[in-house]
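Sequences listed follow chains A and B, in order. All the letters of the first sequence, read from the start, carry residue numbers 1 to 232 under the working numbering. All the letters of the second sequence, read from the start, carry residue numbers 1 to 232 under the working numbering.
Read the hints as simulated data drawn from the structure, not as lab findings. Some clues are possibly wrong.
Pairs involving identical chains hold if they fit within one copy or between any two copies, as the list cannot separate such chains.
Stated by the list, open to error - In silico SDA-like links for lysine to any residue, alpha-carbon gap of 25 angstroms or less:
1. Lys-63 with Phe-231
2. Lys-63 with Pro-13
3. Lys-63 with Thr-178
4. Lys-63 with Gly-88
5. Lys-63 with Thr-167
6. Lys-63 with Glu-228
7. Lys-63 with Arg-165
8. Lys-63 with Glu-27
9. Lys-63 with Gly-123
10. Lys-63 with Gln-5
11. Lys-63 with Gly-34
12. Lys-63 with Arg-86
13. Lys-63 with Ser-2
14. Lys-63 with Leu-164
15. Lys-63 with Ile-7
16. Lys-63 with Glu-179
17. Lys-63 with Val-130
18. Lys-63 with Gly-104
19. Lys-63 with Arg-214
20. Lys-63 with Asp-19
21. Lys-63 with Thr-128
Here the structure is a predicted model, which is why all the values come from computation and not from measurement.
Number of protein chains: 2
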Amino acid sequence: MSTIQLIPIGDLPEIAPGDNLAELIAERAPLMEGDVVVVTQKVVSKAEGRLVAIDATDPLSHKRLVEQESVRVLRRRGDLIVSETRHGFVCANAGVDLSNVEAGLAALLPVDPDRSARWIRDGLLARTGVAAGVIVSDTFGRTWRRGVVDVAIGCAGVAAIVDLRGTVDALGRELQVTEVCVADQIASAAELVMGKARRVPAAVVRGVDPSWLRDGSVRDEIVRHPSEDLFR
Amino acid sequence: MSTIQLIPIGDLPEIAPGDNLAELIAERAPLMEGDVVVVTQKVVSKAEGRLVAIDATDPLSHKRLVEQESVRVLRRRGDLIVSETRHGFVCANAGVDLSNVEAGLAALLPVDPDRSARWIRDGLLARTGVAAGVIVSDTFGRTWRRGVVDVAIGCAGVAAIVDLRGTVDALGRELQVTEVCVADQIASAAELVMGKARRVPAAVVRGVDPSWLRDGSVRDEIVRHPSEDLFR
Numbered sequence: 001m002s003t004i005q006l007i008p009i010g011d012l013p014e015i016a017p018g019d020n021l022a023e024l025i026a027e028r029a030p031l032m033e034g035d036v037v038v039v040t041q042k043v044v045s046k047a048e049g050r051l052v053a054i055d056a057t058d059p060l061s062h063k064r065l066v067e068q069e070s071v072r073v074l075r076r077r078g079d080l081i082v083s084e085t086r087h088g089f090v091c092a093n094a095g096v097d098l099s100n101v102e103a104g105l106a107a108l109l110p111v112d113p114d115r116s117a118r119w120i121r122d123g124l125l126a127r128t129g130v131a132a133g134v135i136v137s138d139t140f141g142r143t144w145r146r147g148v149v150d151v152a153i154g155c156a157g158v159a160a161i162v163d164l165r166g167t168v169d170a171l172g173r174e175l176q177v178t179e180v181c182v183a184d185q186i187a188s189a190a191e192l193v194m195g196k197a198r199r200v201p202a203a204v205v206r207g208v209d210p211s212w213l214r215d216g217s218v219r220d221e222i223v224r225h226p227s228e229d230l231f232r
Numbered sequence: 001m002s003t004i005q006l007i008p009i010g011d012l013p014e015i016a017p018g019d020n021l022a023e024l025i026a027e028r029a030p031l032m033e034g035d036v037v038v039v040t041q042k043v044v045s046k047a048e049g050r051l052v053a054i055d056a057t058d059p060l061s062h063k064r065l066v067e068q069e070s071v072r073v074l075r076r077r078g079d080l081i082v083s084e085t086r087h088g089f090v091c092a093n094a095g096v097d098l099s100n101v102e103a104g105l106a107a108l109l110p111v112d113p114d115r116s117a118r119w120i121r122d123g124l125l126a127r128t129g130v131a132a133g134v135i136v137s138d139t140f141g142r143t144w145r146r147g148v149v150d151v152a153i154g155c156a157g158v159a160a161i162v163d164l165r166g167t168v169d170a171l172g173r174e175l176q177v178t179e180v181c182v183a184d185q186i187a188s189a190a191e192l193v194m195g196k197a198r199r200v201p202a203a204v205v206r207g208v209d210p211s212w213l214r215d216g217s218v219r220d221e222i223v224r225h226p227s228e229d230l231f232r
């Protein structure tokens, strides 16, 4: 295994509906074969026009929107709603987000984040000739750990999960833990150079294991079906 | 924000109780001021002698050990036990692990992983003159997402959580999501160059935000108190 580099892609303009993210990224990041590009949900949602008006003076306005974006509410406490989205994500406030969005607007999650990742991948390929992996990331809390981390909500051209079943450890014993969520780990790694208070909504992750660069899908690989869920 | 590098530290010998991890790492990784060294729980537990005999022919032997290492069992399904450890971690099988350990032995979590990280940090400082941040990582599943990711179970000289409260986004609005778990993100990033089937139990993360290099504690910052827990 050799070194991996996490390279921020900064200096993007404020993104508006209809903007071509792939073009804006390609202009700023000289891509190489094997790169994975991580793009935050916020700019993807803006480019896709997933913005809705909310009444900032009415606290119920945000809450109604969160309920509308949820298929199931798991828990409520104070202003926090933990719910399941149409995509099968379980997260706070159904991913409805007010930060880094103009006052009076809220950003919804992309309709199909795997598809969003494919669009960006296709756009990058057309402009640069490089078939990069693409991950759309968002910031989620965790059940039993404080603080938030970035995870993958969509991917294309990169594995979501790498299955090590059948491989053996350094002592020749079969591994117990076999399914590693590389897409979430790549999203978390990229966040280290992005940050929430800076205008760095994308990063290049260079040097990942080439075997991870295959067709991938967050929906098909990461979203846990309620039937195998112990906590819903 | 500039580039971050994830550098694997390979070629460590098989670790035995009493081995000096800081020395073995310092010999293999030329450290620089500002580096964070991530070390997997497995080698920390081995060096600290946290190995116990189990009867591999008796399936109940592992299960009894898991129960003994748990203060509370949250869920059971088949061979899987999700429980809370003495440290307050909620994870599969109380962190008791059989992979990468000799047959007939199981590795328990370190007694105090923040202290383990401090010991390694002190050892690295004595040997190299560099006050590196240190994170002890382990591999955890997640409630609603398939696949495992590496998280921090102990840290020293690096923040576990960075609180962005009071900071504003690129549009001048106060951030909603304020507590970022940088230690877990650093652990996940490091796993990308370590892998479970290779003998790479440590990595250097070079180039993190210098403001993160302060006293940190997984126990005090990340472990969620049951009183603020919606799912226990």
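Hint check results:
no., hint, in the structure
1, Lys-63 with Phe-231, "both (23 angstroms within a copy, 21 angstroms between copies)"
2, Lys-63 with Pro-13, "neither (30 angstroms within a copy, 55 angstroms between copies)"
3, Lys-63 with Thr-178, "between (39 angstroms within a copy, 20 angstroms between copies)"
4, Lys-63 with Gly-88, "within (19 angstroms within a copy, 32 angstroms between copies)"
5, Lys-63 with Thr-167, "between (47 angstroms within a copy, 24 angstroms between copies)"
6, Lys-63 with Glu-228, "between (29 angstroms within a copy, 21 angstroms between copies)"
7, Lys-63 with Arg-165, "between (43 angstroms within a copy, 22 angstroms between copies)"
8, Lys-63 with Glu-27, "neither (38 angstroms within a copy, 55 angstroms between copies)"
9, Lys-63 with Gly-123, "neither (35 angstroms within a copy, 51 angstroms between copies)"
10, Lys-63 with Gln-5, "neither (40 angstroms within a copy, 41 angstroms between copies)"
11, Lys-63 with Gly-34, "neither (42 angstroms within a copy, 42 angstroms between copies)"
12, Lys-63 with Arg-86, "within (17 angstroms within a copy, 37 angstroms between copies)"
13, Lys-63 with Ser-2, "neither (47 angstroms within a copy, 38 angstroms between copies)"
14, Lys-63 with Leu-164, "between (42 angstroms within a copy, 24 angstroms between copies)"
15, Lys-63 with Ile-7, "neither (36 angstroms within a copy, 44 angstroms between copies)"
16, Lys-63 with Glu-179, "between (36 angstroms within a copy, 22 angstroms between copies)"
17, Lys-63 with Val-130, "neither (42 angstroms within a copy, 49 angstroms between copies)"
18, Lys-63 with Gly-104, "within (14 angstroms within a copy, 54 angstroms between copies)"
19, Lys-63 with Arg-214, "neither (39 angstroms within a copy, 37 angstroms between copies)"
20, Lys-63 with Asp-19, "neither (29 angstroms within a copy, 55 angstroms between copies)"
21, Lys-63 with Thr-128, "neither (42 angstroms within a copy, 54 angstroms between copies)"
Hints 2, 8, 9, 10, 11, 13, 15, 17, 19, 20, 21 from the list above are not met by this structure, while the remaining hints are.
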